[in-house]
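Start from the sequences, fold in the hints, and give me the full structure.
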Amino acid sequence: MTTDPAIARTPRGEEIDGRRLLAVAVDFGRALRAAGLAVDLGAEIDFARALGLVHLAERDEVRAAGAAVFVRRRDDRAVYDRVFDRFWRARRPFPSDGPASPTTLPEPETVEPPDEGADAEPEAGIDEAGAEREAGTAIAGYEDLPPDDEGPVEGVIAAPDAYSAGELLRHREFDKMTAAELRDAERLVDLLVPRLEQRRTRRYELHDHGRLLAPRAMFRRNLATGGQLTTWVWQRPARRPRPIVVLCDISGSMERHSRLLLRFIQALAASSAVRTESFVFGTRLTRVTRLLRDRDRDRALSRVAESVNDWAGGTRIGESFREFNLRWARRTLRTSGVVIVVSDGWDRGDPLLVETETARLRRNCHRLVWLNPLAGTPGYQPLAAGMRAAYPYIDDFLPAGTVASLERLGEILAGVRAGDTRRGGEAAATVTSAGPSHPIRVPVALETTAGDPSVARPLTR
Amino acid sequence: MSDRASRAAGTRSIEAIQDDFRERGYICDRSLSTAVFLALELGRPILLEGEAGVGKTELAKVLALSLGARLIRLQCYEGLDVNTAVYEWNYPRQMLEIRLLEARGEIARATAHDIFGPEFLLRRPLLQALEAVDGADGAAAVPPVLLIDEIDRADEEFEAYLLEILSDFQVTVPEIGTIRAEQPPRVVLTSNRTREVHDALKRRCLYHWIDYPTRQKEFEIVLARVPDAPERLAREVVEFVHRLREADLTKVPGIAETLDWAAALMSLGARELAPELVDETLGVVLKYEEDIRQVRGDTARRYLAEASVRP
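Taken in order, these protein sequences are the chains called A and B. Each residue of the first sequence is one higher than the one before, counting from 12 in our numbering. Each residue of the second sequence is one higher than the one before, counting from 6 in our numbering.
One thing to keep in mind: the hints can contain errors.
Simulated coverage check for chain A against chain B, where a stretch passes if three residues somewhere in it have a Cβ under 8 Å from a Cβ of chain B [as the list claims (entries may be wrong)]: (1) 54–60; (2) 83–94; (3) 218–231.
Note that these hints are calculated values from the structure, not bench results. Even glycine gets a Cβ: it sits at the ideal position worked out from N, Cα and C.
See below:
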């Protein structure tokens, strides 16, 4: 028998070639990475080790072992399963003894990544190293699959907020913002960030104005005097700005205003002091936080535009809020954040749903701010059913779309406001799923309340 | 070969783990026991994510029992820091010691060791896990199981510190030196996924998402955990809860709620579900007023009718 050090004995007594295991692990890891999972070399090594510990012939065991090592989040599991099935489809169970047993599987092919621009690395490196790698370890090339297959693993959601570009209905000029608007927004943010509303956290920081003694720091500082407590050190609860969540309506009429606000949010997110999460919604909700973090701000906004494919549809506020409440609220608002909704309130869905979901949203956050581009026009009353339904639960109802409104928003976020009007909270506490406590009257005639045509107009039904 | 001896010899297998857990009343599926097996063999921490009440914390407890190891639990919350999690000096006692030395006139000969000796060090869970050696068996000391519960409630500073500890399994106390674990503890982290655990920490761990169980599995769990429950009651309870899980509720009941409900019904002497009984005890399963209001009454009766029809 060979004394090759790479040949090891598994706990089951089979002989296995460590190099082959590692090669397979690396290839599988590469396939997963091509499908969008974050896979690093450490995980591949772990998988190689894991393969030596499980029954290689048992597909489910291998699958479970790979899942434990490669799948880092629940959302990735579906992607993992698909890649796993494809990768191991044509593969026979590992031959359990050493060198070449003749097989008819072809030479390993290049793993084709989807069209996201990743490079297709040829497997020349592995082939050279593993001359003895008989086809037992061959990766089934995608060309080998029967023709009714879909080809490489495309269209699988890579990162949860990177969507394929193929479904656009209409492409909007989302990123053509004037330089003046951009500068204004950014200037505001620079002024704003140091003043953002702080909340007390449970961590303590040393501060001369604290009310609580800081025993550890005191003892350290007083060691010089042999424990005589001559220097007193104080602490107080550390303060941090509240996290901000933005829910931005980007259907039809709202687009111009949401653009400005997303610029504002980009600038805010760029300053690391504040945790911001951004979502856009039309007929459904899309998280765009990561997209907006792009350094190139114009490109970020155009990617946001591409990622949303319901430009032509109406707005479904209730459904979008519901999705946020169910999926995202706990994760993004956990430390009593501020929610900013930007919408004109025109809604195709059920007003009752808007009411219950807005109430729930209010219960999930510290403060609910609603920016409505129609609110600045004189004589505006929230007559639209959706807006009426949500109105009682809103703490601050503001106009949107101008630099002045951003200043007002900044004041609110900084905690400077005339008269604390967190009235939305009480209303939200009393609503139940049995229905609203007051009837919602749907207006008979839908007409615009704005006289100025350049101001946003509601969607026509 | 006895169970314990085979464990000590290191011959562990996925089936053995699954069977042992089942004997102790924890029923898990193959992929979970595979993940646990790999975590033990590869020496990695394991991160369990899932909704509340699916049995993440239970797994750590059962694992400790199965290995015959001590369970050390660190409950995370926002603001958890080194002093609460790792160690703290017992300042008042140190001050007293200084005073005593002064009073006895020995202060001139006192050294740092007198003040910073091990008896003045308060060991918190993470340090306990590093130092613990369970030598009760005699020969083989079993490293403890360290349960870090609800890591998603701790903040990022703590995660960074934890990452350091989980990488090297050592802690440096400036006054004493570096304390290193002879045998690294088996680490289980749990998360309710209220936020994403940091990537660096996830990379360090193996991962498993624990889902709600199937009807059959949950039925077995009820029988295992509530031993005197009549089979019919158990089945109806499980069926009812599964319907609740498909409904649009604010808070979906977990396995813990199923078990609580079964136990509550048993203590009321029930042998099967009845509408009034359900209405009365709904608060055991559902914890939100709007959910209870939604289910109580007609909806509950409908679920009950469906639950009873199935064999």
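| query | Hint by hint, which ones does the structure fall short of? | reply | Of the numbered hints, all hold.
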